[in-house]
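Number of protein chains: 2
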Amino acid sequence: MSDEKKNASAKSPSELELLARLKTKLPVDDSVIVGAGDDCAVIDAGIPGKWQLHKTDAVVEGIHFTRDTDPKKVGRKAIARALSDIAAMAGTPRWATISLGLPDSFTGELVDMIYEGITSFAKLKDVAIVGGETVSTPERLVISVTVIGEVERDKCVLRSGAKSGDGIWVTGEMGGSISGHHLDFLPRLEEARWLAANFLPTAMIDLSDGLAGDLGHLLDEANAGAELLEAALPIRRDARILARESNAAKPPLIAALTDGEDYELCFTLSPGNAVKMLDEFRQAFPETLISCIGKVINEPGLKIKQKDGIKEFAARGFVHFQ
Amino acid sequence: MSDEKKNASAKSPSELELLARLKTKLPVDDSVIVGAGDDCAVIDAGIPGKWQLHKTDAVVEGIHFTRDTDPKKVGRKAIARALSDIAAMAGTPRWATISLGLPDSFTGELVDMIYEGITSFAKLKDVAIVGGETVSTPERLVISVTVIGEVERDKCVLRSGAKSGDGIWVTGEMGGSISGHHLDFLPRLEEARWLAANFLPTAMIDLSDGLAGDLGHLLDEANAGAELLEAALPIRRDARILARESNAAKPPLIAALTDGEDYELCFTLSPGNAVKMLDEFRQAFPETLISCIGKVINEPGLKIKQKDGIKEFAARGFVHFQ
Numbered sequence: 001m002s003d004e005k006k007n008a009s010a011k012s013p014s015e016l017e018l019l020a021r022l023k024t025k026l027p028v029d030d031s032v033i034v035g036a037g038d039d040c041a042v043i044d045a046g047i048p049g050k051w052q053l054h055k056t057d058a059v060v061e062g063i064h065f066t067r068d069t070d071p072k073k074v075g076r077k078a079i080a081r082a083l084s085d086i087a088a089m090a091g092t093p094r095w096a097t098i099s100l101g102l103p104d105s106f107t108g109e110l111v112d113m114i115y116e117g118i119t120s121f122a123k124l125k126d127v128a129i130v131g132g133e134t135v136s137t138p139e140r141l142v143i144s145v146t147v148i149g150e151v152e153r154d155k156c157v158l159r160s161g162a163k164s165g166d167g168i169w170v171t172g173e174m175g176g177s178i179s180g181h182h183l184d185f186l187p188r189l190e191e192a193r194w195l196a197a198n199f200l201p202t203a204m205i206d207l208s209d210g211l212a213g214d215l216g217h218l219l220d221e222a223n224a225g226a227e228l229l230e231a232a233l234p235i236r237r238d239a240r241i242l243a244r245e246s247n248a249a250k251p252p253l254i255a256a257l258t259d260g261e262d263y264e265l266c267f268t269l270s271p272g273n274a275v276k277m278l279d280e281f282r283q284a285f286p287e288t289l290i291s292c293i294g295k296v297i298n299e300p301g302l303k304i305k306q307k308d309g310i311k312e313f314a315a316r317g318f319v320h321f322q
Numbered sequence: 001m002s003d004e005k006k007n008a009s010a011k012s013p014s015e016l017e018l019l020a021r022l023k024t025k026l027p028v029d030d031s032v033i034v035g036a037g038d039d040c041a042v043i044d045a046g047i048p049g050k051w052q053l054h055k056t057d058a059v060v061e062g063i064h065f066t067r068d069t070d071p072k073k074v075g076r077k078a079i080a081r082a083l084s085d086i087a088a089m090a091g092t093p094r095w096a097t098i099s100l101g102l103p104d105s106f107t108g109e110l111v112d113m114i115y116e117g118i119t120s121f122a123k124l125k126d127v128a129i130v131g132g133e134t135v136s137t138p139e140r141l142v143i144s145v146t147v148i149g150e151v152e153r154d155k156c157v158l159r160s161g162a163k164s165g166d167g168i169w170v171t172g173e174m175g176g177s178i179s180g181h182h183l184d185f186l187p188r189l190e191e192a193r194w195l196a197a198n199f200l201p202t203a204m205i206d207l208s209d210g211l212a213g214d215l216g217h218l219l220d221e222a223n224a225g226a227e228l229l230e231a232a233l234p235i236r237r238d239a240r241i242l243a244r245e246s247n248a249a250k251p252p253l254i255a256a257l258t259d260g261e262d263y264e265l266c267f268t269l270s271p272g273n274a275v276k277m278l279d280e281f282r283q284a285f286p287e288t289l290i291s292c293i294g295k296v297i298n299e300p301g302l303k304i305k306q307k308d309g310i311k312e313f314a315a316r317g318f319v320h321f322q
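So the protein lines, in turn, are chains Y and C.
All letters in the first sequence, in the order written, are residues 1 to 322 by the numbering used here.
All letters in the second sequence, in the order written, are residues 1 to 322 by the numbering used here.
It is worth saying that the hints were derived from the structure and are not from the lab.
Watch out, some of these pointers could steer you wrong.
If chains are identical, the list can't say which one is meant, so a pair holds when it fits in one copy or spans any two.
[As the list claims (entries may be wrong)] Straight-line C-alpha distance at most 20 Å; calculated SDA-like pairs for lysine to any residue:
| id | residue 1 | residue 2 |
| --- | --- | --- |
| 1 | K23 | L110 |
| 2 | K72 | D112 |
| 3 | K23 | G108 |
| 4 | K123 | R21 |
| 5 | K163 | K303 |
| 6 | K163 | R21 |
| 7 | K72 | D184 |
| 8 | K123 | D44 |
| 9 | K276 | A232 |
| 10 | K72 | R21 |
| 11 | K25 | T107 |
| 12 | K155 | G46 |
| 13 | K250 | D238 |
| 14 | K23 | M113 |
| 15 | K123 | P27 |
| 16 | K305 | A224 |
| 17 | K25 | E133 |
| 18 | K250 | K276 |
| 19 | K123 | R193 |
| 20 | K295 | D44 |
| 21 | K25 | K73 |
Note that the structure is predicted; figures quoted are calculated from it, not measured.
I would like the entire structure built from these sequences, with the hints used as guidance.
Pasting the structure below:
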């Protein structure tokens with residue numbers, strides 16, 4: 001077993017294919033407004049005026065954190081990841097259940113610290129922890145978190161709905177998350193609810209697998225493409241530092257597009273709303289960076305406008321010059 | 001890593017203590033009618049006339065099943081266990097999310113078969129599968145299932161509520177589950193709802209950790225004890241066969257009290273309702289065994305009435321003659 005944190009974000013093509021095939025076979029009924037495949041499931045649970053949001057997510061030692069990671073931060077990350085998915089629907093998280101897989105080496109102190117990380121973050125976001133199971137996973141720690149949230153029926157933002165001409169926006173910065181952001185990020189719950197309440201983005205997703213892939217989901221749903229401006233991409237300083245320190249590291253642009261674990265919002269917005277939204281957002285959230293990074297275009301694919309021309313960014317991560 | 005299925009039911013005293021300590025620290029709010037500690041959490045989600053039930057549960061290769069176990073049965077077990085907890089509250093399961101930890105050796109076929117086991121059982125019980133994540137757990141398969149259910153507010157049966165003099169009842173049989181029952185059991189959803197609708201048990205639990213321990217939870221909540229009749233205990237034939245085949249195996253009575261993974265209902269009922277309930281239950285569920293195995297008494301502890309006298313069954317599993 002390796003204690004190195006692996007790239008936690010990337011899903012292989014065969015994995016994506018497998019999940020896509022499975023999705024089509026899952027039993028659903030009329031109560032399921034949106035099933036597996038969006039950031040959360042959207043459920044009509046019989047709550048007047050509201051949909052319920054259901055999300056499950058797991059983190060695994062050696063993949064999402066290492067044995068050396070502060071257990072409080074591990075617990076915090078486990079719940080914050082699921083909250084980021086609730087944010088992506090502009091929802092409010094309400095209740096969480098925790099399934100803790102403990103390695104043979106566990107101590108009571110370890111469990112206490114993990115739970116302290118989970119519960120202190122849950123308290124901060126007014127989430128009740130309503131169930132906590134433990135099970136033995138001898139080789140490594142596994143934390144599976146399920147969060148149930150809710151959203152006003154007319155304020156729920158899905159991955160589908162982006163339109164050609166819409167601006168593409170992101171909160172925060174992208175890339176180099178492995179240097180620390182992946183343990184310290186703040187799910188953009190308040191920002192997302194504010195956006196939905198005031199400007200209703202046409203589509204939204206949280207950036208967990210990397211901007212290129214996650215934006216790709218929005219574009220696939222819309223059968224559209226995007227043109228991004230390299231100069232507008234908010235690349236995290238950590239990505240630049242990593243690139244400077246090692247020739248083996250990704251160039252910062254590629255890191256921003258593919259590193260993952262940014263846990264920021266990516267949303268599309270009618271261009272007519274852009275200036276007003278930007279102005280009011282900055283007043284409402286002076287500490288949250290927000291950037292328009294490009295626009296939705298009819299032609300599928302992801303294009304990056306650079307100083308020396310437009311490049312096409314392919315699904316496998318290669319940039320081809322046009 | 002061992003491929004032997006270990007005793008999946010028993011929790012060590014230190015584990016129970018740890019969980020009890022954690023439980024007291026979990027953040028809750030007014031919406032949490034019953035938090036961690038019952039079979040499910042009971043939540044006021046704003047659904048008129050109903051509570052919502054939240055349950056998470058995980059199964060792990062080498063503990064709840066082996067690498068040789070039919071993957072369809074593994075998937076079936078993973079969801080059926082959580083449904084058994086919904087049954088213990090007399091609830092109806094509605095939506096499930098699945099978190100699948102895949103070992104390095106996984107194949108698409110394995111995943112398909114696990115999901116076939118999950119989805120076919122979900123369909124049978126009208127449960128929608130609304131989310132399915134996968135993650136890498138290199139050494140062994142882990143399946144974490146969260147089920148959200150619902151129950152009429154006046155028909156929800158908790159672990160607390162047993163009264164001295166109540167009869168103690170169980171569905172089905174106990175012991176020797178490892179011979180196969182743990183993969184084939186039927187969560188007693190219909191029986192539990194029928195009981196709640198017609199006779200409202202004073203307390204109910206599902207038998208997952210063994211009758212002695214699980215009944216112990218009902219008794220602890222009531223600050224009471226129980227006197228069971230050995231002759232009335234429905235001991236599974238498998239427990240007798242295991243005892244006959246190996247001197248190392250538990251005697252059948254001890255197996256019935258401690259093996260776990262029975263996934264049957266254990267409930268308490270006012271003695272005045274006993275005859276009517278038994279008569280009507282047998283008509284309603286001719287294929288489900290139901291037994292009155294003893295009664296709740298004031299004095300704490302678990303007593304077993306045998307031919308040669310009354311024995312006290314201690315928490316650690318030893319039987320002391322009185």
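Here's how the hints hold up against the structure:
no. : hint         : in the structure
1   : K23 to L110  : between (36 Å within a copy, 16 Å between copies)
2   : K72 to D112  : within (9 Å within a copy, 35 Å between copies)
3   : K23 to G108  : between (38 Å within a copy, 14 Å between copies)
4   : K123 to R21  : between (38 Å within a copy, 18 Å between copies)
5   : K163 to K303 : within (16 Å within a copy, 70 Å between copies)
6   : K163 to R21  : neither (26 Å within a copy, 52 Å between copies)
7   : K72 to D184  : within (11 Å within a copy, 39 Å between copies)
8   : K123 to D44  : between (26 Å within a copy, 18 Å between copies)
9   : K276 to A232 : within (19 Å within a copy, 75 Å between copies)
10  : K72 to R21   : between (36 Å within a copy, 17 Å between copies)
11  : K25 to T107  : between (41 Å within a copy, 18 Å between copies)
12  : K155 to G46  : both (17 Å within a copy, 18 Å between copies)
13  : K250 to D238 : within (12 Å within a copy, 59 Å between copies)
14  : K23 to M113  : between (36 Å within a copy, 14 Å between copies)
15  : K123 to P27  : between (34 Å within a copy, 6 Å between copies)
16  : K305 to A224 : within (17 Å within a copy, 74 Å between copies)
17  : K25 to E133  : between (29 Å within a copy, 14 Å between copies)
18  : K250 to K276 : neither (36 Å within a copy, 74 Å between copies)
19  : K123 to R193 : within (19 Å within a copy, 35 Å between copies)
20  : K295 to D44  : neither (33 Å within a copy, 42 Å between copies)
21  : K25 to K73   : between (36 Å within a copy, 18 Å between copies)
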